[in-house]
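Starting from the structure of chain A, add chain B where the hints point.
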Amino acid sequence: MFLVNPRGIGMTEWLDDFVVRAVIAGLIMVAIAAPMGCLMVWQRLAFLSDTLGHAAVMGVGLGLLLQVQPIFGVLAVALLIVFSLSRVTSFNTALSETTLAIISHTGLAGGIILVGLLPAHTVNLEAILFGDLLATTIDDLVTLLVTTVLLLFVLLHNWRSFVAVSVSREIAQAEGIEVRKVQFLMYIMIALLVAVMMKVMGVLLIAAMLVIPTTSARLFSRSPEQMVFISGVYGLGALAGGITGSFQFDWQTGPAIVVSATLLLLLTLGVTRSFKPHLE
Amino acid sequence: MQAELLVRARHLSLTLGKRQILDDISFELSRAEITTIIGPNGAGKTTLTNIVNGLIGNFEGEIERMPGLRIGYLPQKVYVNTLMPLSVERLLQLTYSPTDQELDRALAQTEVAYLKQRQVRSLSEGELKRVLLARTTLGQPDLIVLDEPTAGVDVSGEIRMYQLIGELRDQLQCAVLLVSHDLHLVMSQTDQVLCLNQHLCCSGLPESVSQHPEYLALFGQQASDSIAIYTHHHDHEHDVSGESSGHRHD
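Line by line, the protein sequences are chains A and B.
Quick note on numbering: numbering that gives the first Met the number 0 labels position 20 of the first sequence as 19, and the sequence is numbered without any gaps.
Quick note on numbering: numbering that gives the first Met the number 0 labels position 57 of the second sequence as 56, and the sequence is numbered without any gaps.
One thing to keep in mind: the hints can contain errors.
As the list claims (entries may be wrong) - What the simulated footprint calls covered on chain B by chain A, stretch by stretch (three residues with Cβ under 8 Å from a Cβ of chain A suffice, anywhere in the stretch; the number is not a length): (1) 70 to 83; (2) 101 to 112.
Unchecked claim - Partner residues are not named here, just some residues of chain B that face chain A (Cβ under 8 Å, in silico): (3) Asn52; (4) Ile55; (5) Ser86.
Honestly, the hints are just simulated from the structure, not real lab data.
For each residue, glycine too, the CB sits at the ideal point set by N, CA and C.
Bound-form chain B, shown alone:
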């Protein structure tokens, strides 16, 4: 069965001044699929997600969104104001007015129900990320856009975070567009990989992308090997660094 198509982007390009940020990018996002954008710093990953979001409008090419598409967004750098007294509950009510049930369900889904009454400024980075992830699920989104959701989260937290994202996808039946640096960790949850470096180097299933020459040129054989490990042995979390054995660091 063909999954419902939510977003179709064709030949997206963006030039700022003389700098080419994005060059002829095409892809599709489908319901209940997780798409991961990987690429080096400055590859245009955040820019691309902002085009999908509608935050950037001055691009060339075309993007079609399913009519009435609802998007939940977790930005890369969320500077949450520490000068303002704000409970987690209130943070979730900033722009939506969820019912109590919706609010509790959202927090429970990302395993942070116990934080409901806490002040946002007292949260750790990992806790904040989970609360914000819960926030993106309010308002029944069709698509959740997560820009490096695990930045500042420790490795075991990262693994759990990606599992949570997979669970959210299953429960909400929404599409997920994920930007990540953590190639190896993210792969097991991903249906489609877009390998980006201004242009689309390669795209497809994680296993095929990891063998693509352009991918290897960007990230090296080592990264590819660690993905191979990850797609086949999900429980070997101690090999996460992709380094040779005996170099564990905690």
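Excised from the complex, chain A in its bound form:
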């Protein structure tokens, strides 16, 4: 009965289990959060992802008001923000915390008002803010996968430039890397990343998933690529903890992942502190 129920046959049957979908969504997220998280920590852009995340609430509200997929609203708002930021920031000044804080909280506040205008049943505010991994649909999976593959491709293609710009903009610029272009590309990638991670982590907790596993990995990595890899391992650990907590104890997924990530960080800190003399 292929025409009547395409999902009923072999290939996609196993995707009918919501836990399987949640695990796949989580794995895809970890695969992209590790390299992007490292780059953002190196370039001190973690706060930008937080800002875009908060402002994403506005995007969700707009998306629902205009009756398009919320993710497009989020992407539109995020891109608008990064375009304006890249206009106002000059080559060698970091993004101003004040500017980001204003955008961040205005976006969140405006978004909450917008969402409040909508009929209550059309939107689950808690899922937007804190994520709803267990409600991942097949459509969500496809969006997540396509975006992640795209981002990974761009990352691999430009990895050397990204690393060089992270180490020192001045040196990279002097040695022929077009720093502004690389920076702008990076902003757009962050906007895409936020739009996609929102489903899993919730807008308020995206930055946590980019920063915490990365910080654990930094404690004993010796090269940039090693740090990305180890971040991925920590991401997997946090995901396992989060899904377990979510499935077994009905905790919200995003918060459960974040708490797991932090527990792993504390554990790592404890271990590396006790072995510090041997490390370097």
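The following block gives chain B in isolation, referenced to the frame of chain A:
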């Protein structure tokens, strides 16, 4: 024999908004010569080096570079990311792909071969400067541009740094364009001085510049005296401060 001309700058001017940054600067850089730009804060020293580098393009006047000129650059403020795990070896491979031999030679030249496997974030400021100096010599540069290479380095380290720069020039036969505040220390290694304060106050050999009225007006007789000491008695490192005797500070 006339040294090979690498860069010829004529009538360079730059205005940003209403502020005149550079006003009608002309000079030449030749192979195997060390040119030092001195001048007070805000004189436009870094701006001028950035024009030579090609980092700034919106200036008036003209600059000719030898075709295929390769430039190694050590910026004034190098904020090297401490959040990234990065070995010294990897730092040297960021944008070039030097062979192992080239890499070892470069590090040995600035006396930091022993740092090769160390993490960049664990280096002292002086060590980092030497590693970055080694970095500028990769890719067989014709010209090395060093913007205050000794900022954050102690006095004896500074003296050694300038000696190293002189040695690099001898070995690589490259031109060096140096920005410095350390007038007295840098002079003994310098072939040409450009004294800058938006306009070119004076230029030429260190001894002649140090007697020029505009130079004296900018830096005072004391600085001039200390240069005289330095050009004639290179080993009297304890007079480095240029102060009257009995005021040594360490």
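Hint-by-hint comparison with the structure:
Coverage of the segment 70 to 83 of chain B by chain A holds in this model, with 10 residues showing a Cβ closer than 8 Å to a Cβ of that chain against a need of three. Coverage of the segment 101 to 112 of chain B by chain A is violated. Counting CB-CB distances below 8 Å, 0 residues qualify, and the rule asks for three or more. Restraint check, asparagine 52 (chain B) versus chain A: the minimum CB separation of about 6 Å is within 8 Å; hint holds. Contact between isoleucine 55 (chain B) and chain A, as hinted, is not supported at the beta carbon level, the nearest pair being about 11 Å apart and thus beyond 8 Å.
Hint on serine 86 (chain B) holds. Least Cβ distance to chain A is approximately 7 Å, under the 8 Å limit.
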